[in-house]
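Chemist: From the two separate chains plus the hints, produce the assembled complex.
Okay, here's what each chain looks like letter by letter:
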Amino acid sequence: MSRSLLRTISIPVAAVVIGLLIGAVLIVTQDASPATAYKALLIGGAGDSDAILRTLQKATPLIFGGLAVAFAFKAGMFNIGGQGQLLVGAVFAAGVGFGIDGLPMVVHLPAALLAGAIAGAIWGGIAGGLKATTGAHEVIVTIMLNFVAGNLTDWLAANPWKDNSGSNIVARTPLVEDSAVIPTLGAVPVGFLLAVVTAAICWMVLERTTFGFEVKSVGHNRHAADYAGIRVGSIMAMTMAVSGLLAGLGGAVESLGVDGRFEAGVNVGLGFEGITIALLARANPLGVVPAALLVGLMEAGAARMQFKSGVAPELIDVIQALILFLVAAPIILRWILRMRHDSSEQVQLGAGWGKS
Amino acid sequence: MGQVVKLQQKRLLYMGLIAVLVLIWFFYRANGPQTTAVLAGTVRAATLLALGAMCGMIGERSGVVNIGIEGQFLLSAFAAFTIASMTGSLFMGTIAGVGMGLLMGWVLAGMAVGLKVDQIIAGTVLNISALGLTSFFYDRSRSLGMGKYTNIDLGPLADLPLVGTVLFSRPPLTYLTMALLVVVHIALFRSVWGMRTRAIGEHPGAADTVGIDVIKLRYFNVTIAGGLAGLGGAYLALEAVGTFSRAMSGGRGFLALAVMIFGRRTPFGAYAAALFFGFTTALQNQFQLNSTFDIPPQFVGMLPFVVTIVVVALSGLIGSMRDPAALGQTYEKG
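Quick note, the sequences are listed as chains A and B, same order.
Just so we're aligned: the first sequence equals residues 1 to 356 in the working numbering.
Just so we're aligned: the second sequence equals residues 1 to 334 in the working numbering.
Read the hints as simulated data drawn from the structure, not as lab findings.
You may find that some hints are simply not true.
Heads up, simulated DSSO-like pairs for lysine-lysine below, C-alpha to C-alpha not over 30 Å straight-line [said to hold, decoys possible]:
| no. | chain 1 | residue 1 | chain 2 | residue 2 |
| --- | --- | --- | --- | --- |
| 1 | B | K116 | B | K216 |
| 2 | B | K216 | B | K333 |
| 3 | B | K116 | A | K216 |
| 4 | B | K116 | B | K333 |
| 5 | B | K333 | A | K216 |
Bear in mind that the values here come from a model prediction, so they are computed numbers and not experimental data.
With the rest of the complex left out, here is chain B (with noise of 0.2 Å):
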């Protein structure tokens, strides 16, 4: 039976990408500027979520919610931002983003996996202390001398109508991005250690009985997930924005964590979940650019977020979604 669910599934799957293709094709005949402006928004505003996603996911597959990713956002956006103005080098800010998040990740684990606080106050802990620094220590005056990083054309690719300009032609952290979504795919599902991750998140007791550290390995899973969304800072302050303001993340390590449950804790289908909420984000901002529909932006606005609760509750009803078995529950070695 389980068989059959999955091959409707992935006919519903194909049949819905096909119908995507088609409207695209139908709204770029009918106004070809307009919906390449959408569309390239529309990867624009994925990547910090798909980010987002990533890092949460490897958290959650090995039992370690983290609720924590807007703040690690925001201070890595900091860092980077800070760094790279400092130095110059908008690389160097993007290494000091990825440290910054790799701090973070380390302090988290470092309450929820060592001191065993609740694994939900802990990621509050970071939000609220990420807001709090980076207010205190921003300075007005900086500002990226060099610009931000811009887009890289991939040679005659970049050319190509539509997809040339929304898929070819984008900045470098928004490649190293889809290129890391492959990454960690293949690393949770086809490697040693996506299996004991895996593991560790469903039956520690059982993962720790035939010789894997749990304690440690969610140690190490945190720490490396906060260098996905320490990359995501640096992308937010250094490629999407060019400069850092209080608050910037905006809720988005919030809604990063809803693109991951939406996408089934996998890397694609996050991706997807992501391009479906830059999409709103894109239209949302088209639409207030020209007023085409007369309808308020604030209600395209609350789309994404209504469509979540609806997939929560809907995959809480159906239990399509399962959680890992051993989420949000520290590990004591028995």
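Pulled out of the complex, with its shape left as it was, chain A reads as follows (with noise of 0.2 Å):
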């Protein structure tokens, strides 16, 4: 067991130490110290409970996004529309969430997570029922519907959600109403806590459910599953509805715990990095928390590693592209670290857009 986990975890590993290096080059080319900027993106990142909790918060929608991803992925189907399922979930959580008012916060709070979750997952299986239909592939209508979302979540925090008090003119919902917000306890976001706790149902629903069993052979063989018996077309709908409604959790999980409300523009480019968080995760829902934390925690350090050294925040962004990099092409690395090649490393989504 702690050999092959070995194995597991060597390559991305491996990544993130080799995207750091490469980016210590970078930090030297722009005038600055390596060792300050690590610094202070470790301190700005983990240094005391404030910093802890900021990296809390980040992580938390990357494992939900993270988990999205990787779970379509165990279909052998790849969800990047993310972006669309959690701005979806966004709203509709803030709206449930300063729509109501009166009801106790044991009601209140989940029916607005119910609603975020729910809005994703319609989302989501709106491309997995076509793909199972009709044969459009799912990473087309996906992206598709990433710009039918941020189209249709503007329009509501612009006109008929719009937070109407004194003179705001930024179309954005009203706040939540206490009973729909997420508590922290200490430095801990409960959503944190929840999103945690999604990852080991997901792992459980992967690993000992049939429902999981029949995803996972579906990824592995279409045709096989198909031979076995399990309906092909409708484990496909449902893997794409399950991605939503991860990712339109997180949506909720933002709105209700973050930030309050629903602003648009605010979430952009949160459903990509879920794409990054899988992939380094290895598609294993389990590695998708340390993932989401380490790059939550670059994240949450990047404003004093600015402040400190002088070295621009998106520094983060080149070293997660050189990580996906470097984890997406194993080739590399097993050269670098001398391995045997394992054919099961390579994530393999196939064929075209249309129908296989």
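Modeler: Below you can see the structure in the form of structure tokens.
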């Protein structure tokens, strides 16, 4: 077990180390000291309870986004629509959060979370359903749905659900009621705990249930799964719905736990980072948590890094891209680490846009 | 039977074309300046999409999916802007943009064809890298002292009503794109290279048997296609906007993929699709400028994406559009 675990984590760990090393070279080109910059990054992300709170807050949507992508990966599908699913989840959770008052927290908060989750599930389910019934490729459909979600949520936040208090001209909803706010326990946001529990549930579903087995069978070999009597179409549709549900839940937690409302343009890009997280975690739900914590820490510490060493916070994006590249092309790392080839390391999503 | 379908499709196409021309004439009579503005905006917005679609098309015809066009646009726009700003020459900037596009095409080929990374993941790596690199190296103090590419009037043609402004008074890269549409069409469907390219996209094994080097041709094609996306980046920074800003490609690299599929992986089909998408963009801008109609701009903005979803779904149902058979598969010499 320890040997195989070591093998599993050696590629991502090596990717992170090499990513940070190349990042250090970039820091030097900016006339700054890598040691100072990285120390500031670390303190900014984990130095005190405020920093830890920031890191956990940043990591939460990354966990949900990473789980969404990882879950779809298991069925051999690529959900690039986490962004759109997150947006609709965020806006509908906020809608229920501010739109209803007088409910006790035990009812209101779960209802708001559920609204976000369902919105995300529908958004993902559209792509999955179309894939199952018409063969429309989920990548192209989810990309298109991202744009539709962007426009739809913009419109909701700018028109019917607009915050009309005072002199507000920004496209945003009012603050959610206190009974729909996700609380924070010390330095730990409850949303983060929810994310970790969700990761564990995802793992359980995939490894210990019939549905999980069917999902993985479809991912391994669609035709064999079909031959074995698994209803491939409905499994693909359900997988995308679950994937969307996860991303939507991430958006709901952003609205209810971090921002306190939905504001157009605030969550841009969050959905795409799920791809990096899922690949770094090698599509393992349990690996998503440490991967998200790592990236969350870098993002939380970036501001302090800029303040202390003058290095632009966008360095984090470059390092993320490097890590992603190295994880996606493990052949380079294997060559550096002198490892044997293992075909299970390569993630393969397969064919073109249409039927397959 | 296939012949009948083709004939019907052709008739539909001509009928659609006539309907569009009649509509344009109707609107032009009703409101000349506004119609001209919308159509000019349509052509303007279509150029980038057409270049991206041609990039995607050459890759896919050879069996390689490229969802990294967005990143290729962005990094090429950055290179074009930076070099143009440093040298003070728009031409040098354009060359740099194309060069960066070629380089990124080569990197994509290296990952997807050489290292056999999943093609969709390879493209995603390009997108995320481009966003990171351009954000990190972006220097706010740079600008184009000499301004962006300006319109060139094509002699007396430019004085014609409506079409003069819309088609014959355009900046240089737009003309170049229109010429490239013809070049790529001829190359894909009338040349040996095109035949070989389509062969390695449909049945690489068979192509290999007759002596085509599949790996080498895929490398070459994906790299060259990157040059087209690079020109798109240069167009974006030096002709459309005249500056660089973070994430300025704004999803149009993805849209170009939809345009490509919509246009059945043919240059002219893609241009027609690009014009349609461009039209909705131009219409949206016009709506925002003067609120003639009471339709929220967000809903106009949604239109092309919803239409794409419907088209992709329908084409799957009818089966009228077929992917190249070997699309998305890495090729291993047997």
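Chemist: The structure should be examined with respect to each hint, and the outcome stated for every one.
Modeler: Evaluation of the provided hints:
For the hint linking B/K116 to B/K216, the alpha-carbon distance of about 14 Å falls within 30 Å, and the restraint holds. For the suggested pair B/K216 and B/K333, the alpha carbons sit about 12 Å apart, so the restraint of at most 30 Å is met. Annotation: proposed proximity of B/K116 to A/K216 holds, straight-line Cα distance about 22 Å (limit 30 Å). Between the alpha carbons of B/K116 and B/K333 the distance comes to roughly 12 Å, so the proposed pair stays at or under 30 Å and holds.
The straight-line distance between the Cα atoms of B/K333 and A/K216 is roughly 29 Å, inside the 30 Å bound, and the hint therefore holds.
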